[in-house]
Every structure is written in structure tokens, then in C-alpha cells.
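Could you build the full structure based on these sequences and the hints that come with them?
Sequence order for the protein chains is A and B.
Here the working numbering is used: position 62 in the first sequence is 62, and no number is missing along the way.
Here the working numbering is used: position 131 in the second sequence is 131, and no number is missing along the way.
Please keep in mind that the hints were generated in silico from the structure rather than gathered at the bench.
Some clues are possibly wrong.
Said to hold, decoys possible - With a straight-line cut-off of 30 Å between C-alpha atoms, the simulated DSSO-like cross-links for lysine-lysine are:
#, chain 1, residue 1, chain 2, residue 2
1, A, Lys118, B, Lys42
2, A, Lys49, B, Lys351
3, B, Lys273, B, Lys71
4, A, Lys45, A, Lys103
5, A, Lys45, B, Lys295
6, B, Lys42, B, Lys369
7, B, Lys273, B, Lys335
8, B, Lys23, B, Lys295
9, A, Lys45, B, Lys351
10, B, Lys23, B, Lys42
11, B, Lys335, B, Lys261
12, A, Lys118, B, Lys23
13, A, Lys103, A, Lys118
14, A, Lys103, B, Lys351
15, B, Lys335, B, Lys351
16, A, Lys49, B, Lys295
17, B, Lys71, B, Lys261
18, A, Lys118, A, Lys49
19, B, Lys42, B, Lys295
20, B, Lys261, B, Lys369
21, B, Lys71, B, Lys369
As the list claims (entries may be wrong) - Derived coverage of chain B by chain A (criterion: at least 3 residues anywhere in the stretch with Cβ under 8 Å from a Cβ of chain A; other residues may be distant):
#, segment
22, 285–299
23, 319–331
All of these numbers come straight from a predicted model, not from anything done at the bench.
Think of the CB as a built atom: it goes at the ideal place given N, C-alpha and C, for glycine as much as any other residue.
Below, each chain spelled out in residue letters.
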Amino acid sequence: MSNVKYTQDHEWVRIDGDVGTIGITEYAQEQLGDVVFVELPEVGKAVTKGGEAAVVESVKAASEVFAPIDGEVVEVNDALAGEPGLVNSDPTGQGWFFKVRVKDASQLDALMDEAAYKSFVEGLH
Amino acid sequence: MTTSPESLLRTPLHALHLELGGKMVPFAGYDMPVQYPMGILKEHQHTRSAAGLFDVSHMGQVRLHGSDAAKALEALVPGDIEGLQPGRMRYTLFTNETAGILDDLMVTRCEDHLFLVVNAACKQQDIRHLEAHLAGSCRLEVLEDRALLALQGPEAASVLARFAPEVRDMRFMSGRAVTLFGAQAFVTRSGYTGEDGFELSIPADRAEEIARRLLAEPEVQPIGLGARDSLRLEAGLCLYGHDIDKTSTPVEAGLSWTIGKRRREEGGFPGHKIVMQQLTDGVDTCRVGILPEGKAPAREGTPIIGPAGDQIGTVTSGSFGPTVGGPVAMGYVRKEFAAEGTSLQLLVRGKALPAKVAAMPFVPHRYRKG
Numbered sequence: 001m002s003n004v005k006y007t008q009d010h011e012w013v014r015i016d017g018d019v020g021t022i023g024i025t026e027y028a029q030e031q032l033g034d035v036v037f038v039e040l041p042e043v044g045k046a047v048t049k050g051g052e053a054a055v056v057e058s059v060k061a062a063s064e065v066f067a068p069i070d071g072e073v074v075e076v077n078d079a080l081a082g083e084p085g086l087v088n089s090d091p092t093g094q095g096w097f098f099k100v101r102v103k104d105a106s107q108l109d110a111l112m113d114e115a116a117y118k119s120f121v122e123g124l125h
Numbered sequence: 001m002t003t004s005p006e007s008l009l010r011t012p013l014h015a016l017h018l019e020l021g022g023k024m025v026p027f028a029g030y031d032m033p034v035q036y037p038m039g040i041l042k043e044h045q046h047t048r049s050a051a052g053l054f055d056v057s058h059m060g061q062v063r064l065h066g067s068d069a070a071k072a073l074e075a076l077v078p079g080d081i082e083g084l085q086p087g088r089m090r091y092t093l094f095t096n097e098t099a100g101i102l103d104d105l106m107v108t109r110c111e112d113h114l115f116l117v118v119n120a121a122c123k124q125q126d127i128r129h130l131e132a133h134l135a136g137s138c139r140l141e142v143l144e145d146r147a148l149l150a151l152q153g154p155e156a157a158s159v160l161a162r163f164a165p166e167v168r169d170m171r172f173m174s175g176r177a178v179t180l181f182g183a184q185a186f187v188t189r190s191g192y193t194g195e196d197g198f199e200l201s202i203p204a205d206r207a208e209e210i211a212r213r214l215l216a217e218p219e220v221q222p223i224g225l226g227a228r229d230s231l232r233l234e235a236g237l238c239l240y241g242h243d244i245d246k247t248s249t250p251v252e253a254g255l256s257w258t259i260g261k262r263r264r265e266e267g268g269f270p271g272h273k274i275v276m277q278q279l280t281d282g283v284d285t286c287r288v289g290i291l292p293e294g295k296a297p298a299r300e301g302t303p304i305i306g307p308a309g310d311q312i313g314t315v316t317s318g319s320f321g322p323t324v325g326g327p328v329a330m331g332y333v334r335k336e337f338a339a340e341g342t343s344l345q346l347l348v349r350g351k352a353l354p355a356k357v358a359a360m361p362f363v364p365h366r367y368r369k370g
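Right, dumping it as C-alpha cells:
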């Protein structure tokens with residue numbers, strides 16, 4: 001999974017060609033607790049690096065999900081509408097949020113790779 | 001307000017919460033478990049289907065001694081306390097001169113005193129309030145050495161009766177002294193979940209042991225503050241500081257039922273005149289239940305929009321109701337929009353989402369009334 005990058009806000013983006021799939025990390029889902037609702041962007045929307053792109057709600061509270069990179073939303077995970085708990089059970093797989101067409105691949109260089117993210121999370125404890 | 005973990009108070013069960021994997025958060029000055037590894041959804045459902053054990057030791061426990069204690073307390077609350085039979089319990093409110101609510105509390109008449117349970121966040125203020133107004137007429141005893149546990153859910157009675165058979169036939173809103181695992185407990189059949197259940201006032205130095213004994217029963221799981229909040233919201237019960245506060249009166253809050261007939265006639269509690277005026281003339285805003293039609297929860301502070309597009313109220317509590325299987329909320333709206341079934345819109349993140357005024361509780365109460 002060397003093509004996966006991470007943000008300090010605990011989003012991940014996996015690059016396949018010019019499409020990036022975005023979700024939240026295992027650490028993030030654990031911090032949130034049971035996810036009960038996800039608000040996803042509309043297909044066609046332009047998202048910008050660091051801008052609010054989605055909202056994830058646990059029983060207790062709503063949290064923003066930020067876009068790790070610039071891009072245009074090309075697909076959203078409709079399965080989350082009926083089964084938001086996928087974010088908890090499989091955050092980096094079936095619990096993905098949305099896909100974007102990557103606008104500027106060089107933005108990925110500023111994000112953390114898996115090893116860097118792992119030590120970042122360890123530093124939070 | 002940020003509070004460093006070091007300055008937070010701890011209940012007698014603090015070490016047990018950590019051992020059980022509780023996720024600790026600051027609440028009313030205490031370091032409390034918001035959830036355990038089971039998670040809020042499962043903890044909520046477990047309480048509705050079996051039995052949940054809650055640490056509510058952060059709440060204030062106070063005894064009022066003296067033959068005139070009931071009469072004296074009536075000077076501060078609109079509830080009929082003098083009419084409370086021994087062993088019976090009542091929900092009431094501290095009000096101020098403008099009929100604003102200072103706190104809500106439970107009062108149980110014991111043989112030679114009144115037993116009060118008040119909110120954690122208000123307890124210092126409540127104690128000062130009681131001292132300032134009742135010092136001459138009765139003696140105040142703050143129970144610093146008692147823990148308070150809540151055992152809630154349809155299996156709560158069969159679990160507790162294994163160790164104290166006399167609790168089986170207790171009625172909802174009654175209390176009695178019980179020997180529990182050799183400790184002197186004061187048990188009330190009451191709670192904050194809408195389910196049958198008990199609150200157990202027990203010696204602090206026996207609390208951990210008693211909690212462990214109850215948790216060892218197969219029906220019982222530890223439940224955190226997160227599920228406590230979703231359970232009470234589905235049950236339509238107010239949370240002080242959110243659904244009721246100094247800016248709401250008992251009548252606006254839909255709590256007129258707590259004001260006894262004699263108290264309405266005789267008065268003698270702060271804000272009586274305003275309460276009577278509101279009971280006669282009606283109120284401008286009132287607390288209602290709200291069911292959003294979609295899946296998005298509407299949180300506290302969400303503006304409520306009327307058919308004309310103007311704001312007609314505000315959500316005071318809102319979350320996902322695990323038993324309802326969707327979002328639930330309560331809030332205050334102008335009275336012309338308060339009828340059950342009225343269509344409203346909730347302004348969530350700039351989007352107007354459809355919702356309806358709904359009857360509360362959202363999940364039927366299952367108290368033991370018989």
C-alpha cells in the first residue's frame with residue numbers, strides 16, 4: 001500500500017492512476033466511536049486541499065473530513081448512507097468516502113506515507 | 001473551558017473505569033467514562049434489552065433533616081413535597097424569582113429526612129442555595145462519602161433482587177433502605193433512561209466492590225455517559241443546562257405536571273406569579289420533540305425554521321437515537337408551531353432539512369408503575 005498517503009487530520013488517500021480514493025484512518029474511526037451518519041460531497045464538486053469535503057457523525061458529535069488534495073469528486077460511497085458503520089468496521093476498505101480526479105499530483109508529496117503517519121499517531125498518545 | 005486531567009475530580013469508581021477500558025472525558029469537573037470498549041450504540045441497546053450499570057457518583061446527594069424540612073424545601077421548589085408519602089419520590093425543580101429553572105432534582109421522603117439528588121454541574125450552587133434559604137429551618141447534610149450507581153434496563157430488577165429480594169416489589173418513584181452485599185444502601189426505583197431500573201446510594205468505600213459484584217452478573221454491562229445521554233433523549237427527559245436552564249420556566253419546558261395542585265393555589269415558591277400567569281395565558285415558546293425526516297442528526301443549537309422561512313426556535317438536544325434507528329431531537333419553538341405533526345425545517349450546515357414535531361417519549365417508558 002505504498003500509494004497511500006495520510007494527513008495530520010487522519011484522512012487517507014489512495015492513488016490509482018489519476019484517481020484518489022479518500023477516507024478516514026483506523027485511528028480516526030476509533031476516536032470518533034460509532035459512526036451514525038456521513039454527509040458526502042456531490043459528484044462534480046471541486047474540493048481543495050485542507051477544505052471541508054464531508055462530515056462524519058458519531059452518536060456524540062459531528063466532525064469535518066478535509067480533502068487531502070485538490071480535485072473533482074468523481075464518485076461517492078453510496079453504501080455509507082445505509083450502513084455508516086462501515087466507517088468503523090472497515091475504514092480503509094469498504095468505509096471509503098469519495099473519489100477525486102487528482103488535479104496536482106505534486107500535492108501528494110507533502111502528505112505522510114504509512115510509516116510517517118504511524119509515528120505521527122504514536123506521538124499523539 | 002479546558003480543564004487539565006490533573007485538576008478533574010474522580011468518583012470512587014475511577015480506577016474501575018480505567019480498568020474496564022473507559023474512554024475518559026471531563027464532565028462537570030469530573031473525569032468520567034463517555035463510553036467503554038463496547039461503544040455507545042451497543043451500550044445503549046444493551047441497556048434497553050438487558051441491564052446497564054452507570055456511575056453517577058458525580059451527582060450531588062444531600063439530606064435535609066428536621067421536622068419542617070418538607071415545608072422548608074417547598075419555599076424553593078414548585079413540587080408538592082409536604083404531600084410526599086414516606087418512601088415516595090418526586091421530580092421537581094429549583095426555580096428563581098422569574099420562574100427560571102436553577103436545577104432539576106429528585107426528592108425522596110425518608111423516615112426522618114428528605115433525600116435529594118441534584119445535578120453534578122449545579123451541586124455547589126444548589127448546596128449554597130439550600131444553605132442560604134433553609135439554614136434556619138432544617139439541617140443540611142451533604143453526603144460526600146456516598147457513591148451513586150444506576151442499574152437500568154428490563155433485567156435490572158431480576159439482577160438486583162438476587163442480592164436484595166425486597167427491591168422486586170418496589171414501585172417506580174419509591175425508595176427504601178436496603179442491605180446490599182452487607183453495605184447500607186438507599187435504593188430508589190428510578191432512573192434517566194426510560195427503562196425500569198434503580199439508583200443505588202452506597203458507601204463510597206464499598207462502591208467499587210458493589211459495582212464489580214453487579215458487573216459479574218451476566219446481564220450487566222458498564223455504560224458510559226454517551227449512552228446515558230442518548231437513552232434519556234429517546235425517553236424525552238430534559239438535560240439541565242441544555243433543555244432547561246434559567247431562561248426557561250417549568251411551563252415553557254413542558255414540566256407543569258411537576259407543579260402540584262395545592263402549590264398552584266397556595267404558591268410560596270419563587271416565580272409562582274409568572275408560572276400562574278403562564279398556566280392561565282399560555283406561553284410564547286415551548287419545548288417539543290422533533291423527528292428529522294432524513295438521517296442527519298440535528299445537534300444542539302440547530303436553528304428551527306418555520307414555513308415562512310424565519311427562525312421559530314432552536315434545538316436544545318439532538319443526536320442519533322439508536323433504538324429509534326434515526327435522529328431525534330428536542331427544542332423550543334413558538335407555540336403556534338408546537339402541535340404534533342407540524343412540519344418544520346432544521347438548518348444543518350446551511351441546509352434546510354425537513355422535520356416534524358413529534359410526541360415524546362420517542363421510545364415508550366417501561367417503568368414499573370404497578
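* Asked: Out of the numbered hints, which ones does the structure contradict?
  -> Nothing - there is no hint that the structure violates, so all of them hold.
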